[in-house]
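4 protein chains.
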Amino acid sequence: MSDVMKRWEAHRPGIDALRVEEVVRPEPAPGEVLVRVTAVSLNFRDLAMLEGSLGKWSGVQSPGSEMAGEVVAVGTGVTRFAIGDKVISVDIRHWIDGPAPEADTNTAPFLGRLAEYSTVPEDLLVRAPASLDAAAASTLSVAGLTAWFALVELAKVRAGETVVVQGTGGVALFAVQFAAAHGASVIVVSGSKRKLERVKALGATHGIDRSEIEDWDSHVLKLTGGRGADHVLEMGGGDITRSLNAIRVGGRISIIGLLNGSELRASITTIMFKRAQLVGLGVGHRRALQDMIAAIDHLKLQPVIDAVYSFDQVPEAFAHVKRGAFGKVVVRIER
Amino acid sequence: MSDVMKRWEAHRPGIDALRVEEVVRPEPAPGEVLVRVTAVSLNFRDLAMLEGSLGKWSGVQSPGSEMAGEVVAVGTGVTRFAIGDKVISVDIRHWIDGPAPEADTNTAPFLGRLAEYSTVPEDLLVRAPASLDAAAASTLSVAGLTAWFALVELAKVRAGETVVVQGTGGVALFAVQFAAAHGASVIVVSGSKRKLERVKALGATHGIDRSEIEDWDSHVLKLTGGRGADHVLEMGGGDITRSLNAIRVGGRISIIGLLNGSELRASITTIMFKRAQLVGLGVGHRRALQDMIAAIDHLKLQPVIDAVYSFDQVPEAFAHVKRGAFGKVVVRIER
Amino acid sequence: MSDVMKRWEAHRPGIDALRVEEVVRPEPAPGEVLVRVTAVSLNFRDLAMLEGSLGKWSGVQSPGSEMAGEVVAVGTGVTRFAIGDKVISVDIRHWIDGPAPEADTNTAPFLGRLAEYSTVPEDLLVRAPASLDAAAASTLSVAGLTAWFALVELAKVRAGETVVVQGTGGVALFAVQFAAAHGASVIVVSGSKRKLERVKALGATHGIDRSEIEDWDSHVLKLTGGRGADHVLEMGGGDITRSLNAIRVGGRISIIGLLNGSELRASITTIMFKRAQLVGLGVGHRRALQDMIAAIDHLKLQPVIDAVYSFDQVPEAFAHVKRGAFGKVVVRIER
Amino acid sequence: MSDVMKRWEAHRPGIDALRVEEVVRPEPAPGEVLVRVTAVSLNFRDLAMLEGSLGKWSGVQSPGSEMAGEVVAVGTGVTRFAIGDKVISVDIRHWIDGPAPEADTNTAPFLGRLAEYSTVPEDLLVRAPASLDAAAASTLSVAGLTAWFALVELAKVRAGETVVVQGTGGVALFAVQFAAAHGASVIVVSGSKRKLERVKALGATHGIDRSEIEDWDSHVLKLTGGRGADHVLEMGGGDITRSLNAIRVGGRISIIGLLNGSELRASITTIMFKRAQLVGLGVGHRRALQDMIAAIDHLKLQPVIDAVYSFDQVPEAFAHVKRGAFGKVVVRIER
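Chains as they are written, first to last, in my numbering: chain F, 3 to 337; chain G, 3 to 337; chain E, 3 to 337; chain U, 3 to 337.
Hints were generated in silico from the structure; no laboratory data involved. Mixed in with the good hints there might be a few duds.
If several chains are the same, the list does not tell them apart, and a pair holds so long as it fits within one copy or across any two.
Okay, derived cross-link-like pairs now, DSSO-like style, lysine-lysine, Cα gap no bigger than 27 angstroms in a straight line [claimed, not checked]: (1) K302 / K224; (2) K324 / K8; (3) K197 / K224; (4) K302 / K202; (5) K158 / K302; (6) K302 / K88; (7) K202 / K158; (8) K58 / K88; (9) K197 / K302; (10) K88 / K158; (11) K324 / K202; (12) K8 / K88; (13) K197 / K324; (14) K324 / K195; (15) K224 / K202; (16) K195 / K224; (17) K224 / K88; (18) K195 / K58; (19) K202 / K58; (20) K324 / K158.
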């Protein structure tokens, strides 16, 4: 291996500030692994970091957080991986299993992985699924695990239940696939008739076109024979009255996004009489990620990727994230 | 038995409209039990019904819902009770166990039980605890069961956890007792130093005087070594920022009351990063009531009764509920 | 309706004692429903009752327990059903939801349903699935619900888990279908290569032919990469060493059958070090039956029926049960 | 610190082979902590190791596994502890939370801790409870955590339940204390009337003297009004018919010990009709240990110690374990 490598960097906020630099390839410290990065999946929060709207801007930023790769060297004391292992990154520090750690670190992504190589503590990696290529594998640790954690680990979705998914972003499409794989009926609410057609191919049972049917909650009640859905994946926030109306007595609303505003507002009597469960969450723990990977391998489930860009197209990839995607946007890094 | 009986009635809304009437004693229909009422516990919702602010006012209203009594006659087909059994009322129809029924009927109390006798479907009664007198037994089905359901049935409180209880009303005091009986640390937030002294005698570990320490959430963090409480019983509603601040990552807020306003408002990012669980609830199912009664008998737990009134003091009892009580207000009915 | 009807009866134990009799059609008592029986599914325990090896033999026995039918009359006080409703029977008395009742009545089947009509308390009926004909619907309440209860209600099976199913009887085939519908990997252990082919068409991932591979436990470990299965459905009993070997640390063995002997024998150190969960069970509660029916309707899942007999072929149907079936044996009753 | 220390060693199996040796004090490797040992609690398995009946005997053995101590030096990379911290040992490697690791390592104790100093990976330590001295703190990680894990973490014991505890060994006495602290009714079965008196002082509700009442299962049914206990802590193994008889329908038997034989034998029909849950277990995960420590500090719960020996009395301490103890046997190590 050469002792230099390429890495994307920005010396000021903004997509147009991104430049490829040659830097020294790092060495793995004790407990660390050197990973040759093979794919990086981009999330909204990577864009927000790059544009300076999430976290503090330091002098220079090397974006790239969620990745797939191959172990090319191991530091002393590493026991879980060997050279040649295919891996993907873990998104939350110090959360192996059970309740979340006292200080949840799910607030800022890792950095520096839009590069040819990256050093990673071995605790922050798991084996990649055998059934997926690098681009697909790179999409699992954030969007995939958030959907799995909400539906499977926490809500224990089962056949015959009804799940309402808002929108068609990365988390939403994984949610459609995971809920359908457990035999649940999935209702997707979206503003685009064309996207609703596509989610049906992924396993959604019904689509509600919000541009035509504003009171989607009434429509969910109709589709469920008046009973209401078991679970709504709330991506909007703001006034969640429609989500509360759409669930059954005792139903669950997973609070995952805040597209409609950063304050949640809801009627307390409805929450009490509906015995609603509102559960805030994000990415889950490492054991759930491993469970999900086993499921993906068994199900031969293919993540939805809107576009794959090459290493020299990173600015185009961020621009795609910015204008919105159907599923995930990935950068593939080939030697 | 004589075939007439006394019953309180109001021909227009208001405490001052209450009158004792002589009416025909009812007969139990098939599946029903005739109960000689021995005590009736008054709840805020009984007052709200009587004053016409909850539900529709009909021409005449006979208040009284939560009761203890003795079976004096059984209708055909009754299998669960025999004459002489001491019983207490069940508050929710058709909810034996498991998830709440599709149409939760927990919106309006039963009526007509501030009377010498009442007929009740046998499904809506359970055996009274052996260790309590009628006045104490009459307080369990609403306030007692709400506290038990939130803490024990749903949250499975355990020793070493920290529970924050807001206020010192009926549900709050049962919550203090049940949490302490499971070895939890209980922090009560109240505006009255005198009441805080009294809750310590019931098992509370700490009291926070809201009139002196407005930012009670910071104080909860201090008392828990920065970690936060496991569970807040939210009686206020409105802006729940302090409750969200006071819980640990992954903690629970049981939404039980709406003293501060009927809209719930909260930061979505805090809900997500705290992985908060907000759970709306009220009275629980019949199996939980039976579990709670078994616990009360074993623990020799005494409900907190602020005052016991006699049958001819019903207006005074409602007036006491109206001005606020430390624990429960009960009407005892002696022959 | 005529006031007589046909019913199968036996005046002494044995299939060959079965005779069709003309009897008075019953009237529904208060709380009961008169059901025109359209299909009866036969279970081993029906055969055991008929042959006098289960329960006490009375002078005359009218077999038939698990059924589908149509409501043709309702008694006073019936609220859950109306004339014309398609229904199936509930197998356990007084178990709506939650923990099993103190005296589990799951020890003897109901009787008298191999008849043109049967009266049933309304609590012991639920709506039939809309997607199944009478023959298929009649198979759900016992074999179907046992498999669902073990896998879904209790074990909360999820995608990527591995479930081992012993044999290809009624419960076993439902288990294959339900586990596969939740995305689990299913390994069936059977002595027949031909049956193993057929279970793969139902969704099984692997089959182990016990006649060739005696140490099926080692084979399960191999198929799971050494980890072991998450769940074994134990139909055999006796020495369960192989089942214990086949599960992962913390895995579950559902004790459902006793084909190999009525005593369970196992190494305690293996149970402790494997942290095994051994759970005895049978048919589940009514709420789970309703959940399962919703799932079947959504999944369009078709129960496996080995043969459908007409009402005059009841002895042939029992003989089929006696020699063993691949799935269920059903008697269809047409007017 | 001097660079030598004292450590107990045996060059052949047997208590009488124990000798104090002077050895070089170890240095903490990266990720390790050097602990000055202040107390060691002895368990049966330590005795079995020392006598050569558990695990393989190597040339020399230094006994001592469960300990309390104080951090006196930290290796590079240690983040969870600092010099001066009071700590206790964690008994199972690589099990922070959630399901047990695939290869449960709960089969052999650590070694070498009956010494003045011991080096320990930081993952295998937690903070000692603030409310206990070293001798008491040293008893928690094995016997204490086994009882807590069975009752609280897995079974979620609650007030009003009935727990049957067999015997008065270390796990049993912790079980009495933890169950009582959660408001449960505790029935202890023992062969000694004197010990039954002592367990009542710890919170047991009833004692059954097995030397007088052989059919203790019938007595448990009587004490629970015919319903049966919710949970039996099975220390005996062998034929567990009495434990199965003693539980309620749906009750739990925690398989913890094998004093009566290494094979478990039970009626399968009873397991099925009782819907029994038999759960094998031992020591639990680190998060549960931390929960238990928080509970102990809040409850001011004092472990039951039968005798404390000084460092030069280690053979006497092992002899005490061998003849049986009421609670724990501890060696205190003072400088």
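Taking the hints in turn, this is what the structure says about them:
1. In this assembly of identical chains, the alpha carbons of K302 and K224 lie at most 27 angstroms apart only when taken from different copies (20 angstroms versus 33 angstroms within one copy).
2. Proximity of K324 to K8 under the C-alpha cut-off of 27 angstroms is restricted to the intra-copy arrangement: shortest distance 24 angstroms within a copy versus 66 angstroms between copies.
3. In this assembly of identical chains, K197 and K224 lie within 27 angstroms of each other by CA distance solely inside one copy; the values are 22 angstroms within and 42 angstroms between copies.
4. Taking the shortest alpha-carbon separations for K302 and K202, both the intra-copy value of 18 angstroms and the inter-copy value of 17 angstroms come in at or below 27 angstroms.
5. With identical chains, the CA atoms of K158 and K302 are at most 27 angstroms apart both within one copy (20 angstroms) and between copies (21 angstroms).
6. Proximity of K302 and K88 under a CA criterion of 27 angstroms is satisfied intra-copy only: 18 angstroms inside one chain copy versus 39 angstroms between copies.
7. In this assembly of identical chains, the alpha carbons of K202 and K158 lie at most 27 angstroms apart whether taken from the same copy (22 angstroms) or from different copies (26 angstroms).
8. Taking the closest pair of Cα atoms, K58 and K88 never come within 27 angstroms of each other, the shortest separation being 33 angstroms inside a single copy and 38 angstroms across copies.
9. For the identical chains of this complex, K197 and K302 are neighbours both inside a copy (23 angstroms) and across copies (26 angstroms), given an alpha-carbon limit of 27 angstroms.
10. For the homomeric pair K88 and K158, neither the shortest alpha-carbon distance inside one copy (29 angstroms) nor that between copies (31 angstroms) is at most 27 angstroms.
11. Taking the shortest alpha-carbon separations for K324 and K202, only the intra-copy value of 25 angstroms comes in at or below 27 angstroms, while the best inter-copy value is 46 angstroms.
12. Taking CA atoms no more than 27 angstroms apart as the test, K8 paired with K88 passes inside one copy only; the shortest distance there is 21 angstroms, against 48 angstroms between copies.
13. Taking the closest pair of Cα atoms, K197 and K324 come within 27 angstroms of each other only inside a single copy of the chain (18 angstroms); across copies the shortest separation is 54 angstroms, beyond that limit.
14. Taking the shortest Cα distances, K324 and K195 sit within 27 angstroms of each other inside one copy (21 angstroms), while across copies they are farther apart (55 angstroms).
15. Taking CA atoms no more than 27 angstroms apart as the test, K224 paired with K202 passes inside one copy only; the shortest distance there is 19 angstroms, against 37 angstroms between copies.
16. Only within a single protomer do K195 and K224 lie at most 27 angstroms apart by alpha-carbon distance; the minimum there is 20 angstroms, versus 47 angstroms between protomers.
17. In the homo-oligomer, the alpha carbons of K224 and K88 lie at most 27 angstroms apart only across protomers (22 angstroms), although the nearest pairing inside one protomer, at 47 angstroms, exceeds that limit.
18. Proximity of K195 and K58 under a CA criterion of 27 angstroms is satisfied in neither setting, with 39 angstroms inside one chain copy and 44 angstroms between copies.
19. Proximity of K202 to K58 under the C-alpha cut-off of 27 angstroms is found in neither arrangement, the shortest distances being 40 angstroms within a copy and 46 angstroms between copies.
20. Proximity of K324 to K158 under the C-alpha cut-off of 27 angstroms is found in neither arrangement, the shortest distances being 33 angstroms within a copy and 39 angstroms between copies.
Figure legend: structure checked against the earlier numbered hints; hints not met, in rising order: 8, 10, 18, 19 and 20.
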